[in-house]
Amino acid sequence: MVKIYAFVNSHFKVFNLSEDNIDDIPSKDELIWVDMFSPSSDEFRFLEKYYEIEFPTKQETEEIEISSRYWESDKDITINSYFLVVDGDAGHNETVTFILQDNFLVTIRYRELKTFGECLRKMIANPSSFKDGSYIMSSIFEARIDLDADILESLSRNVSNLRKKLFANDIADEDILESIYHYENLNTNIRDSLIDKQRIISSLLKSRKLSDVIKDNFRIMIKDVNSLIDFTRYNFDRLDYIQNIFLGLLNIEQNKVIKIFTVVNVIFLPPTLVASVYGMNFEFFPEIHWRYGYLFAWVLMVASAILPVYIFKKKGWL
Amino acid sequence: MVKIYAFVNSHFKVFNLSEDNIDDIPSKDELIWVDMFSPSSDEFRFLEKYYEIEFPTKQETEEIEISSRYWESDKDITINSYFLVVDGDAGHNETVTFILQDNFLVTIRYRELKTFGECLRKMIANPSSFKDGSYIMSSIFEARIDLDADILESLSRNVSNLRKKLFANDIADEDILESIYHYENLNTNIRDSLIDKQRIISSLLKSRKLSDVIKDNFRIMIKDVNSLIDFTRYNFDRLDYIQNIFLGLLNIEQNKVIKIFTVVNVIFLPPTLVASVYGMNFEFFPEIHWRYGYLFAWVLMVASAILPVYIFKKKGWL
Amino acid sequence: MVKIYAFVNSHFKVFNLSEDNIDDIPSKDELIWVDMFSPSSDEFRFLEKYYEIEFPTKQETEEIEISSRYWESDKDITINSYFLVVDGDAGHNETVTFILQDNFLVTIRYRELKTFGECLRKMIANPSSFKDGSYIMSSIFEARIDLDADILESLSRNVSNLRKKLFANDIADEDILESIYHYENLNTNIRDSLIDKQRIISSLLKSRKLSDVIKDNFRIMIKDVNSLIDFTRYNFDRLDYIQNIFLGLLNIEQNKVIKIFTVVNVIFLPPTLVASVYGMNFEFFPEIHWRYGYLFAWVLMVASAILPVYIFKKKGWL
Amino acid sequence: MVKIYAFVNSHFKVFNLSEDNIDDIPSKDELIWVDMFSPSSDEFRFLEKYYEIEFPTKQETEEIEISSRYWESDKDITINSYFLVVDGDAGHNETVTFILQDNFLVTIRYRELKTFGECLRKMIANPSSFKDGSYIMSSIFEARIDLDADILESLSRNVSNLRKKLFANDIADEDILESIYHYENLNTNIRDSLIDKQRIISSLLKSRKLSDVIKDNFRIMIKDVNSLIDFTRYNFDRLDYIQNIFLGLLNIEQNKVIKIFTVVNVIFLPPTLVASVYGMNFEFFPEIHWRYGYLFAWVLMVASAILPVYIFKKKGWL
Amino acid sequence: MVKIYAFVNSHFKVFNLSEDNIDDIPSKDELIWVDMFSPSSDEFRFLEKYYEIEFPTKQETEEIEISSRYWESDKDITINSYFLVVDGDAGHNETVTFILQDNFLVTIRYRELKTFGECLRKMIANPSSFKDGSYIMSSIFEARIDLDADILESLSRNVSNLRKKLFANDIADEDILESIYHYENLNTNIRDSLIDKQRIISSLLKSRKLSDVIKDNFRIMIKDVNSLIDFTRYNFDRLDYIQNIFLGLLNIEQNKVIKIFTVVNVIFLPPTLVASVYGMNFEFFPEIHWRYGYLFAWVLMVASAILPVYIFKKKGWL
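Chains as they are written, first to last, in numbering that gives the first Met the number 0: chain A, 0 to 317; chain B, 0 to 317; chain C, 0 to 317; chain H, 0 to 317; chain F, 0 to 317.
A couple of the hints might just be wrong.
Only pairs whose alpha carbons sit at most 25 Å apart, straight line, appear in this in silico BS3-like list of lysine-lysine [said to hold, decoys possible]: (1) Lys12/B <-> Lys312/A; (2) Lys312/F <-> Lys314/C; (3) Lys12/B <-> Lys163/B; (4) Lys121/F <-> Lys222/F; (5) Lys255/C <-> Lys121/C; (6) Lys74/B <-> Lys208/B; (7) Lys12/B <-> Lys27/B; (8) Lys205/H <-> Lys255/F; (9) Lys205/H <-> Lys130/H; (10) Lys130/A <-> Lys74/B; (11) Lys312/F <-> Lys312/H; (12) Lys255/F <-> Lys164/F; (13) Lys164/F <-> Lys222/C; (14) Lys164/F <-> Lys205/H; (15) Lys222/C <-> Lys113/C; (16) Lys208/F <-> Lys222/C; (17) Lys255/C <-> Lys312/C; (18) Lys312/H <-> Lys164/F; (19) Lys130/C <-> Lys74/C; (20) Lys222/A <-> Lys113/C; (21) Lys312/H <-> Lys313/F; (22) Lys2/H <-> Lys48/H; (23) Lys163/H <-> Lys2/H; (24) Lys208/B <-> Lys313/A; (25) Lys74/H <-> Lys130/H; (26) Lys255/A <-> Lys312/H; (27) Lys205/H <-> Lys314/F; (28) Lys2/A <-> Lys74/A; (29) Lys205/B <-> Lys130/C; (30) Lys208/F <-> Lys222/H; (31) Lys205/B <-> Lys222/B; (32) Lys164/H <-> Lys255/A; (33) Lys12/B <-> Lys113/B; (34) Lys312/F <-> Lys163/C; (35) Lys113/B <-> Lys130/B; (36) Lys208/F <-> Lys255/A; (37) Lys113/C <-> Lys214/F.
The hints are simulated quantities; they were obtained by calculation from the structure and are not laboratory data.
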């Protein structure tokens, strides 16, 4: 599906490309945005020819080196940027392609993206601020960075809650580990997407194709991106800390059991010694022949079991 | 309750909106501040009509995404900002709504707020510095950030004291944990409120509705906010550290008990061995037939119990 | 005691206020500094009237909120700032009050302060650089920040030495803990005093009462203060680390004892088993009837005690 | 192999130096880049004479002090910079020499380097942006920093995966340690190479030989380098953390075994006590003579083994 | 030994002060540098008189407060700066005195210093860049900061290697501790020397005696110093981390021994129980009278020793 936005007589015109209306397609001069959503190869070929756009190959889109993520030629700037999609679990980074050529922007994506809708809303509300494609691109990036910030804040809130639950002992051990794992992955994905944006914007700032107004916007954006990257670090620190505390608590739990059984161990040793003593085979052995020798042995055993623990408790060692 | 502040002949005029005086209400031109405190729906409807203010819906106010916390249209800027209210425990963040339209400011809140009083004090002391609504908004934010700083410093002082108490062993284990829990929550709330301010001010700085003077104020404010966010990080670090030390001390306490009982364990083993030896049934067994064999066994048992501990003490292993 | 410094015919004049010379008191125009050291209430009243100074109440001086620590009116700027006094132990923060009014400065303090002497020295050495009260205030703050830096460096040197001592095992356990406690408190006090200065200077930079030259000085100072706050963080990190290592070493010391006694434990078990075996009452029991059965048992017992330890040593498990 | 790039009539001319074509060699004026790849000593001597280039000695190239890595004379700037080569394992830093003299650049290297190819690609795509040698040097450094960033990101992704594997218990202990070791070394090498670039660029910025345009490029580059150095720190932190968690898990694993065996230990003690009791030799000993005494003893033994564990389980101590 | 450098007819002239040539001594106007190396008191007195230099007393030189390390009067600037001398072990900080007066520099030192030689080399290579004493001082500081950076990098490399050795278990425990101790001290000394430079340069930047060109140099230097101080922190972090890991490994080593012996302990308990059982004295005791009772007991004992360990191994608890 391809939507083409043109600027005719200071009004936006939206054009849904289909076989039926191919003759009414806006001219290259009026063009400001070609938004390609899961385009077919026919659509690719048609636009390539009609508007003389050079599309990157699929392979180039999937490369992860900066030289494949930002490429500037005499004719255009091609950008492959990560857009984090939060779907159920830890989300994943979708690649969205931007081509900035003359005064229009081409975007290629294979997913419904909230940020595109938001940009459109702003375009409709304030058409005069979107003079050419670079303004649209700037607006999409801005919306995207805001969305990343929202995701980060929500993640940070979840991490805080996890900490509280661990504190209140209000959560099973496996759930803690699973949550840490899940949040770590999400945080890593956000960080990847932000580092990607940081590098792309840094490259855009070096370009001579963008106007100073747009560059000023990007300069503020890169500051926002930097403070968000700081924010992901804060999240990592908190998660690391939670896992650390969790291991610490587990260790103390284990040691508690060891402690109790070490104490119990000592309770049985003295009576065993007593019993062993009266199992000796000496010929001359007075207690053996006593009338209440056996009873005496029992008293001794019980006393020897209780006494040490009693003493240690008194001394505050227990 | 709605208070309306107007600027008439270079003097402030305060106007308490009620059904009786509705005819004396200041005109839209003179208006600089409409302060709505727990407004009724009647008051909403009246102001909406009379001054042509567009209020956000209740639902929009409660959204936590930045696009709902800062919204700029051709007509106005709408801001939903967190104001931390410290009530007994860890406090919570109240949402206060600001609408900046033409030359006046509208604020909507459902709580008595210290910062509003302070701003009013400054307005009375120095009326000439409050030319329009943006100055009032800037002043409220400034007072709010100062208040956050005060709360942070007081929290930091409490954390220091907690550390001292832990050090001096002057506090029960549960109280430490409860205090950490409490301070962590308060610190999280302050941080949330500051991050909120950081993002709102960053958006305000991009707006073209504010004058350069006001923007300069906000630029200094955002630096203050950043250093306060750093401060919350310092508090988190200190709290994490206290909990770490606390777990470490607990662990050492447990190990001390284990150590003592492991030592005691070893005291009983040698005499038990001796007793077992003299319980053997060999036919040829000289000691059994000795006159003082039993006594000899006792001497052996006591000696074997004391000797190892004595040796280890000498060797400095204990 | 009140000393009044005036600037008459491009020369400083010092005036010690007393009942005798009250008629020679400098006029308000010539005044550049009123230094009040533990002033009596009479002196307060006299100066309040004579120079029309508005003094803050004692209660206002002791408030710790920024709004009470920095207060700017149309007439003057009132500042209550912490000055760290290192007296024997961890020191404490004294409040010193500055009132900047017209072209003169009023300072109120209840302690001999090194920084005031140093400022005076500089005034005498270079009178032309102290045109009005703001220059004196700037100079006192500068000297104070330098002094804080000196205290911090000396503390940092002590912390390094503590670390070395812990390393060389050259210090008793309690002394380590006491030193950490002491240094932590001192560091906290320095930090409080620096945060206080940071906030006051930040407020001064927003004021319109100060000249650009003075503001440039304060701008350099706030950078110095920021790097000193960083320095306190470094000290905290080092102290935390020392305590961490200390707990770690303590834990290893305890575990060493547990280890030794666990090993000793195992030495006694095999001979006890042997002895128990020969204490069995079987009718058909060949060893019992042997001539050297008892001797044989002893050999077995000794061998069984030594063998396992020998094997483990060989396997490198010990 | 020596390739000489000249700029003749606003076109690039590439010249492969060999014995055959030595007469067609570009003049010194047209020269912009002499790229020496594993040059022979003959080639060194020829170029030294023909273009009056002063080559550093081999020894000077290998020094690691900054004064040997950046040297500026009246005539030229000589730079020895690290280029990280990732070959199989943790990679190593190759030294590449740059000599910037008049309007041309000389590079000496002993390895095929990707960044040189990329720079060439850009030169061909956009010849007009490479007016003299300093532009080529700036372009090579830029490509190199981008490559370092790519390596860092890929390393960071590997570290994240290692963390996930540790979490999912999906990897052998030795593999974890080996991976940490490997990644640490790679990260250290990247860091060394970035610190090297930071210092070289900082020296270049102080030089008066470079134009402002080139310096602006280097100023953006040094910011990128700084944020990449930050990135290496992030990687170190993550790796440290993984090793920490790994040690923590190992410790808990060990303690689990100790716990289980401590518990088992206690199971055997009570029945041993019972058996010892009925091994006593008292004359008056009723149970001994019972018909079912032996059976009774067995019941007692089993019960005494089970009971404590049962009680502890109920009390939640196990 | 005193060397005097003068600038006569745009050429440097070096003058070695001795009794013989005292008449040819350069005049004060031509003077740019007086380099005093372990000067005698005679030399001090002569120069004090001849060039009207005010030397600080020995005591003033050794003070460590900033007010004694940087002192500016109407006539001159006196600086006492730390120069780290790496001699065998952790090095120590030598104090070097700089006096900047009119257009010449006086330096006092008691050691051969590499940085002075390097500065001289630059002066000879490029005399026109050293117009007066401030340029020489700037050049010495620059060389010194470069040297500090070299020492830091070399230390950082050693720390990395230590980490690798710990990892590869390729070093004795005491050597690790000794190396950490040694590196910590060196790092502390570098840090002290850098903090010293940071404060001195910060004071120089506030002075009105220096030209803007020189100040620009110092501004770049202070940035370098700041990033080097960051670098020392990185080294501390790495060293702390190594010690942490070292303690962790030691702990695990100890626990391994405890674990093994706890397991061994449990091996001996069941056979001891069996033996104790057959040592009971019941009248009615069938096994006692069996022909192969003793053999049966042995089978039982061996089985009871092996079985639990076998079961635990199967259950994966071991």
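Do the hints match the structure? See the list:
no., hint, in the structure
1, Lys12/B <-> Lys312/A, "violated (75 Å)"
2, Lys312/F <-> Lys314/C, "holds (20 Å)"
3, Lys12/B <-> Lys163/B, "violated (52 Å)"
4, Lys121/F <-> Lys222/F, "holds (22 Å)"
5, Lys255/C <-> Lys121/C, "violated (61 Å)"
6, Lys74/B <-> Lys208/B, "holds (10 Å)"
7, Lys12/B <-> Lys27/B, "holds (13 Å)"
8, Lys205/H <-> Lys255/F, "violated (57 Å)"
9, Lys205/H <-> Lys130/H, "holds (22 Å)"
10, Lys130/A <-> Lys74/B, "holds (20 Å)"
11, Lys312/F <-> Lys312/H, "holds (23 Å)"
12, Lys255/F <-> Lys164/F, "holds (22 Å)"
13, Lys164/F <-> Lys222/C, "violated (41 Å)"
14, Lys164/F <-> Lys205/H, "violated (39 Å)"
15, Lys222/C <-> Lys113/C, "holds (23 Å)"
16, Lys208/F <-> Lys222/C, "holds (21 Å)"
17, Lys255/C <-> Lys312/C, "holds (16 Å)"
18, Lys312/H <-> Lys164/F, "violated (46 Å)"
19, Lys130/C <-> Lys74/C, "holds (19 Å)"
20, Lys222/A <-> Lys113/C, "violated (43 Å)"
21, Lys312/H <-> Lys313/F, "holds (23 Å)"
22, Lys2/H <-> Lys48/H, "holds (17 Å)"
23, Lys163/H <-> Lys2/H, "violated (48 Å)"
24, Lys208/B <-> Lys313/A, "violated (75 Å)"
25, Lys74/H <-> Lys130/H, "holds (19 Å)"
26, Lys255/A <-> Lys312/H, "holds (13 Å)"
27, Lys205/H <-> Lys314/F, "violated (68 Å)"
28, Lys2/A <-> Lys74/A, "holds (23 Å)"
29, Lys205/B <-> Lys130/C, "violated (41 Å)"
30, Lys208/F <-> Lys222/H, "violated (32 Å)"
31, Lys205/B <-> Lys222/B, "holds (16 Å)"
32, Lys164/H <-> Lys255/A, "violated (30 Å)"
33, Lys12/B <-> Lys113/B, "holds (21 Å)"
34, Lys312/F <-> Lys163/C, "violated (46 Å)"
35, Lys113/B <-> Lys130/B, "holds (22 Å)"
36, Lys208/F <-> Lys255/A, "violated (69 Å)"
37, Lys113/C <-> Lys214/F, "violated (30 Å)"
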